[in-house]
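Fit chain S to the given chain U structure using the hints.
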Amino acid sequence: MSNELNYLLARAARGLMSRREFVGRAGALGVSAALASTLLASAARAEEPKKGGLLRAGMQGGESTNSLDPALAASEVPFAVNMIWGEMLVDVNAKGEIDYRIAEEVSSSPDATEWKFKIRKGVEYHDGKTVTADDVVATLKRHTDEKSQSGALGIVKDIIDMKAEGDMVTLKLASGNADLPFLMADYHLIIQPGGGIENPTAGIGAGPYKIVANEPGVRHTFEKHANYFDSTIGHADNVEIIVINDSTARTSALQAGQIHMMNRVDPKIVGLLKGAPGISIQAVAGRGHYVFIMHCDKAPFDNNDLRMAMKLSINRQEMVDKILGGLGSLGNDFPINAAYPLFDDTIPQREYDAAAAAEAYKKSGHDGSPIVLQVAAGAFPGAIEAAQLFQQSANAAGIPLEIKREPDDGYWSNVWNVAPFCASYWGGRPVQDQMYSTAYLSTADWNDTKFKDPKFDATLIAARAELDQVKRKAEYSELANNLRDNGGLICPMFNDFVEAKRDEVGGWQADPNGELMNGRALAKCWLNT
Amino acid sequence: MHPVVKLVTQRLALGLLLMLAVSALIFFGVEALPGDTAQAMLGQSATPEALANLREKMGLNEPVLWRYGHWLYGFLTGDMGVALTNGEDIAKSVGARLGNTLFLAFWAALISVPLAILLGLLAARYNGRWPDRLISGVTLATISLPEFVAGYLVLYFLAVKLQLLPAMSMVFPGMGVFERLQAIMLPVIVLVMVVLAHMMRMTRAAILNVMQSDYIETAKLKGLSPLTVIWRHAFPNAIAPVVNVVMLNLAYLVVGVVVVEVVFVYPGMGQYLVDHVTKRDLPVVQACGMIFAAVYIGLNILADVVSILANPRLRHPK
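Protein sequences appear in the order of chains U and S. Counting from 1, position 372 in the first sequence corresponds to residue 372 in our numbering; the numbering is continuous, with no gaps. Every number in our numbering is 1000 more than the matching position in the second sequence, counting from 1.
Only chain U is shown next, with the shape it has when bound in the complex:
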């Protein structure tokens, strides 16, 4: 290997250079992109973790109203906090595969209706008790109870029977679901002693760190759990999350070295921050997407020609460039991208086509009255600007799109899922089935486009229990095409997670599952001093 390549590799492995930049510069030296990625992966692995020290993250998305009850976690900081003290049955890793955590083995019946999870022996909670199969069942039971107000209720409600025998947990489902292990990796489903029924907010779990100070909306500090079962995780002695909701304050703290990593870098300042010494920007292609949603059952959007006209009249490339500052990828009017397993990359990209849009609009026979798009600044970052871009490109195609600005306050209860045409965003799910089942199944609570197609539902349910991956991929491709051509979703862009870290942080790996390495950055990274 040339010296130049070695040098680049060392820089990229330490996070001083982005992956994309590395592949580009390696390409200039005659190295193929695939080889460059392999080299990078092995170089990143070769770096030895350093033990000890205090690792700090500054995060947006924490309030003084946050609770330690995993069932209630909804915003970024509670999620990251729970990922530090808690442990689920399984995790989804950066490659989209299952990592075994509290469960060490998973098996299913051929029709995927009965699943067995073998519980790892000798996993210890922070209070010294051992994790048992009964705890797992009690935890899942708590989340199926409506009173727990669990964010995972929709995930666990299909489990009709659960029982614990020795170290084996058996779950029976109402209908087959090949993705059940992925669902068990949901961040709400942290295994708690006794299921957390007596004290859901105790913050006692089996994760790599135990809670020292919990000051919601201010800071959360942790110390290493000495008897943690996995020695490859948890390098720092202490970790800390500091809640810094103000973007400028967060960036300053990173520059001044008071924090080692931060989430949510404002896309507007990415260019400026790239030149700052000691800091690198980490943009990770995730599954989150910014959308405009039309109700397929309300006039004028009950007309598929009109829906198609709207889809053709949005300029996706312009949105990615201007709204995301290039830190994202094009959407294609279905909620799935390459970050999902079994993604079909042969589906053609829909482009802005004013002529075709005008034609579809004419065909729809719309009476020319204004088509009102309701939008609030908080729908997604840059929502107002995105709506204005949409308005201009649609007007150019002769479609009378108008924008109605709504207040942020109450947007998610008064406008979203209520108004026939509005802006929204989706955070993405670990697997395709879950994304489609959450928002596009006829009976889903959050079917925010009111898309009701019996054929779509049937294919989705068939794909769910399908263990043959080839057939399954074909079924998902059919779902995507159906939604792309008939649905009420206009998906212009998938946003990257844009984060930043200081150079002394080692072990950083891009993870499409969630922010800050799916909440595990503090547990998986270390400090090079």
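Just so you know, these hints were derived from the structure itself, not from any lab. Just so you know, even glycine gets a beta-carbon here, dropped at the ideal spot from N, CA and C. Don't take each hint at face value.
Here are the simulated lysine to aspartate or glutamate pairs, EDC-like style, with alpha carbons at most 16 Å apart [said to hold, decoys possible]: (1) U:Lys-147 - S:Glu-1179; (2) U:Lys-51 - U:Asp-230; (3) S:Lys-1092 - U:Glu-215; (4) U:Lys-363 - U:Asp-305; (5) U:Lys-157 - U:Asp-145; (6) S:Lys-1279 - U:Asp-409; (7) S:Lys-1279 - U:Asp-408.
Covered stretches of chain U (in silico footprint by chain S; criterion: 3 or more residues with CB under 8 Å from a CB of chain S, positions within the stretch not fixed) [as the list claims (entries may be wrong)]: (8) 212 to 225; (9) 238 to 249; (10) 366 to 379.
Leaving out everything else, chain S in the frame of chain U:
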């Protein structure tokens, strides 16, 4: 009874009456909002049975006056109930936040009040000459700067560029006093910049007003130095308006600094209140409202009493 004691007692009684009125306003204002606490707690998942159960448990079926009395009694005995959103004891979490806010306000006041008065005296002494212009110009410039701009400016220069002071003013229990003081240095600088001008200008104006009086002329003719004239003869007679402005600014330092708290990540009352307002956590909002009202009323009573004591004409009313 000595007239001063009587006056002070009257003021205190009036203040208490005012507090009672404010408490009624806060309680019945929240009461008048559509929906009730049980509904706010259960949110969209509210079923009629769950609502009925929770109302029963929380005593929401009792008559409204009874509940007002109960709430007020709880507040007076330090029992403010628990937050709806995370079930934490309100008195405990508010106590910690209030402590932080008072700590910041105390140090900002300790620096800004003497400095403002001193600068005011100097500006009055050199009225119309360059020290006056310089002092007025600089302080008016700092008050004209919105506090978040001032915050970002000092942050950029002192924390990011020169790295003299920490960018975040994070304080937490168990932190040493010196560490705390270092942590709050930047917000204190910003707050001093914001409140200085108001107090300085009032001191200057009040003293210049008094300087027109005959007895100042006499003092000057006695041959006293200009600063002695101001300090011994003019200032005591200018205290009343100055104290009022000082108290207004102190009240601002306690209840109005949410923007500065956000910029410097300082865990004070303002951020706490805003978080709970956005989540409709009404018991917390009520508690914070009462505390803020108490601070305002208390400081204003103090201003009144000091003005009375400082002024012989008010001290011995005919």
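Violations among the numbered hints, reported as their numbers in ascending order
Violated: hints 1, 10.
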